[in-house]
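Order-wise, the sequence lines are chains A and B.
First residue of the first sequence: 139, per the working numbering; consecutive thereafter.
First residue of the second sequence: 125, per the working numbering; consecutive thereafter.
For the record, the hints were derived by calculation from the structure and aren't laboratory data.
Check before you lean on any hint, since a few could be wrong.
To be verified - Here are the simulated lysine-lysine pairs, DSBU-like style, with alpha carbons at most 35 Å apart:
1) A:K288 with B:K391
2) A:K288 with B:K415
3) B:K286 with B:K254
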Amino acid sequence: MYPGYDMPAADARETRELRLEIEEFHAAYCWTLDRGALEEWPEYFTDDAVYRITARENADAGLEVGLVYADSKAMIRDRAFAIQHTQMYAPRYLQHFVTNVRVLEARGDTIKAQSNYLLLQTLVDGPTTIHQSGRYYDTFMRERGRLLLKERQCIYDTVLIANDLVFPV
Amino acid sequence: MFLSNTVIGRPGDFAKDRTDPAREYHWPESLQYVPDWVYTSPEIYQREIERIFQGRTWNFVALEAEIPKPGDYKRSFVGPTPVVVSRAEDGSVHVFENRCAHRGAEFCRAPRGNAKEFICPYHQWSYDLKGNLQGVPFKRGIKKEGGGMPRDFKNEEHGLTKLNVATLHGVVFASFSADMEPIEDYLSPEILKDFEAVFKGRKLRILGYYRNELPGNWKLYHENLKDPYHATLLHSFLVTFGLMVAGSKNAMIADASGRHGTMASAKPESVEGVVDDASKKEMRAYREDLKLADGRFLNYVREFDSPWSVTMQTIWPNLIVQRELNTLGIRHIVPNGPHSMIMLWTMFGYEGDSEEMTRHRLRQGNLMGPSGFLGLEDNEAIKFVQEGVRRSPSQRGVLKLGGDREGTTTSLIDEAAIRAMYRHYREAMGF
Numbered sequence: 139m140y141p142g143y144d145m146p147a148a149d150a151r152e153t154r155e156l157r158l159e160i161e162e163f164h165a166a167y168c169w170t171l172d173r174g175a176l177e178e179w180p181e182y183f184t185d186d187a188v189y190r191i192t193a194r195e196n197a198d199a200g201l202e203v204g205l206v207y208a209d210s211k212a213m214i215r216d217r218a219f220a221i222q223h224t225q226m227y228a229p230r231y232l233q234h235f236v237t238n239v240r241v242l243e244a245r246g247d248t249i250k251a252q253s254n255y256l257l258l259q260t261l262v263d264g265p266t267t268i269h270q271s272g273r274y275y276d277t278f279m280r281e282r283g284r285l286l287l288k289e290r291q292c293i294y295d296t297v298l299i300a301n302d303l304v305f306p307v
Numbered sequence: 125m126f127l128s129n130t131v132i133g134r135p136g137d138f139a140k141d142r143t144d145p146a147r148e149y150h151w152p153e154s155l156q157y158v159p160d161w162v163y164t165s166p167e168i169y170q171r172e173i174e175r176i177f178q179g180r181t182w183n184f185v186a187l188e189a190e191i192p193k194p195g196d197y198k199r200s201f202v203g204p205t206p207v208v209v210s211r212a213e214d215g216s217v218h219v220f221e222n223r224c225a226h227r228g229a230e231f232c233r234a235p236r237g238n239a240k241e242f243i244c245p246y247h248q249w250s251y252d253l254k255g256n257l258q259g260v261p262f263k264r265g266i267k268k269e270g271g272g273m274p275r276d277f278k279n280e281e282h283g284l285t286k287l288n289v290a291t292l293h294g295v296v297f298a299s300f301s302a303d304m305e306p307i308e309d310y311l312s313p314e315i316l317k318d319f320e321a322v323f324k325g326r327k328l329r330i331l332g333y334y335r336n337e338l339p340g341n342w343k344l345y346h347e348n349l350k351d352p353y354h355a356t357l358l359h360s361f362l363v364t365f366g367l368m369v370a371g372s373k374n375a376m377i378a379d380a381s382g383r384h385g386t387m388a389s390a391k392p393e394s395v396e397g398v399v400d401d402a403s404k405k406e407m408r409a410y411r412e413d414l415k416l417a418d419g420r421f422l423n424y425v426r427e428f429d430s431p432w433s434v435t436m437q438t439i440w441p442n443l444i445v446q447r448e449l450n451t452l453g454i455r456h457i458v459p460n461g462p463h464s465m466i467m468l469w470t471m472f473g474y475e476g477d478s479e480e481m482t483r484h485r486l487r488q489g490n491l492m493g494p495s496g497f498l499g500l501e502d503n504e505a506i507k508f509v510q511e512g513v514r515r516s517p518s519q520r521g522v523l524k525l526g527g528d529r530e531g532t533t534t535s536l537i538d539e540a541a542i543r544a545m546y547r548h549y550r551e552a553m554g555f
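Build out the structure end to end from the sequences listed, making use of the hints.
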């Protein structure tokens with residue numbers, strides 16, 4: 139549960155098409171991240187978007203800190219740029235899996251949904267490991283027909299991180 | 125990947141990281157070399173726990189802002205030893221082992237909370253907020269059947285193991301040693317100055333936590349923050365966006381004992397004019413053409429009585445105080461065997477911060493932590509060092525920058541503070 143997303147799910151039959159659209163959004167978003175096309179990543183957000191990754195212990199206690207904290211698309215762009223052009227890290231492959239999509243609310247062009255995510259990481263000399271298990275709390279806006287994230291709160295259960303988290307989720 | 129997932133070169137696969145009680149440890153000829161066994165040997169690790177973490181040191185355990193009210197507690201660590209930090213009804217702060225005096229169960233499981241007493245779930249022994257044994261169920265046995273504790277069993281002889289506690293400006297330290305010098309003396313005047321800039325007279329507001337396992341020896345974290353040489357070389361972000369460059373005003377301060385340090389720098393108003401062309405060539409990352417799309421997050425709001433915009437303090441043996449512009453936090457190092465440490469990060473601001481100031485601190489938090497533009501690179505580099513020293517047959521590293529001097533320097537291109545730390549370390553460890 140996350141404040142602002144604690145309503146019961148919307149009627150599943152009425153929102154079936156919307157759910158499908160959100161699943162397609164997730165698939166495209168993950169494909170962008172999984173192939174490392176970080177320059178495309180900001181394009182999934184509105185200009186005033188909030189993007190935060192934080193541990194469940196912070197979310198449950200109402201603490202504001204983010205492992206990653208951005209409150210504008212410009213900041214999201216800066217992070218994408220910094221990872222691609224300034225950061226040093228060992229080579230790795232990532233796969234994101236997003237499931238259990240629940241549409242919570244659809245009011246006009248604003249849609250709230252939650253989904254579970256799993257991030258698998260493979261360092262080249264190690265096994266594939268579950269790097270993060272978490273949940274997205276998303277607010278989408280429809281702009282010119284396309285869904286964009288106005289807010290994405292990534293709340294992870296894997297409180298003790300294996301060394302670091304280089305790429306976004 | 126956690127250390128436990130290691131496939132190639134698992135801990136224990138090499139002679140260097142196997143237990144060998146017959147082995148003798150001799151330091152190489154000078155402090156200009158560090159022997160690999162300080163990072164890899166199980167015997168050395170064990171001796172560190174006994175002589176350093178359980179010896180004559182003050183260990184960070186909590187911020188008072190985490191336990192403001194009577195009954196508030198926090199699960200914490202002194203070295204690898206689990207402890208509980210608790211505030212009693214009279215407001216006093218207590219630290220005791222998180223180990224039931226009866227059978228040894230680690231009874232406190234929640235990271236933080238509020239309690240009237242601590243009850244071990246196994247046999248319901250109960251302790252007050254100061255760690256004194258309160259109640260033992262069926263202490264006198266059951267009528268008819270007998271049993272129970274012997275007549276001479278005294279509760280006061282079976283409390284939790286209590287540690288020596290000191291608080292300074294809202295920071296709580298604990299020690300297994302009863303005869304410790306006052307915490308102010310332990311920190312030394314040089315270190316106290318920048319410590320007070322962050323904590324003295326300020327009420328903290330906790331912003332949140334990060335935790336990570338860092339698969340490297342705990343001393344590597346101290347070394348990294350006593351090594352200003354790496355800052356402009358590893359951290360391209362600092363250089364690319366002009367936060368710290370070779371040639372700006374810096375100092376690497378060490379106390380007289382060598383164990384503590386403050387890496388300090390003053391953010392240049394503009395990179396131009398500070399960096400000469402020769403330095404630009406040495407710093408491969410330097411790019412004049414790059415700008416952030418949202419540069420706000422690198423702003424520095426002057427709020428400290430200090431000439432420095434950045435101070436990173438290493439307080440022996442387990443505390444880092446981070447003041448990187450306006451993003452503030454502490455890092456609590458929990459050693460986890462020779463090849464691993466747990467890093468517990470607590471990020472904070474101050475009571476009375478405006479909404480905008482809090483947001484500024486949160487934005488700037490992107491620099492630090494396990495996803496921070498600086499933080500994640502340190503974690504990667506330290507992991508690389510541990511893998512290198514663990515897996516190779518070579519036996520030592522080189523610390524020759526700045527020759528053989530030890531202590532405070534104003535040059536970035538020096539390892540004098542690391543040598544000073546190892547001078548202290550050798551004394552504490554007895555070699």
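ask   = Given the hint that K288 of chain A pairs with K391 of chain B, does the C-alpha gap stay at or below 35 Å?
value = 34 Å, holds
message = Would the hint linking K286 of chain B and K254 of chain B be met if the CA-CA limit is 35 Å?
response = Answer holds: K286 of chain B to K254 of chain B is near 8 Å, not above 35 Å.
ask   = Straight-line Cα separation of K288 of chain A and K415 of chain B no greater than 35 Å?
value = Between K288 of chain A and K415 of chain B the Cα gap is close to 25 Å, so the pair holds against 35 Å.
Of the numbered hints stated above, none is contradicted by the structure.
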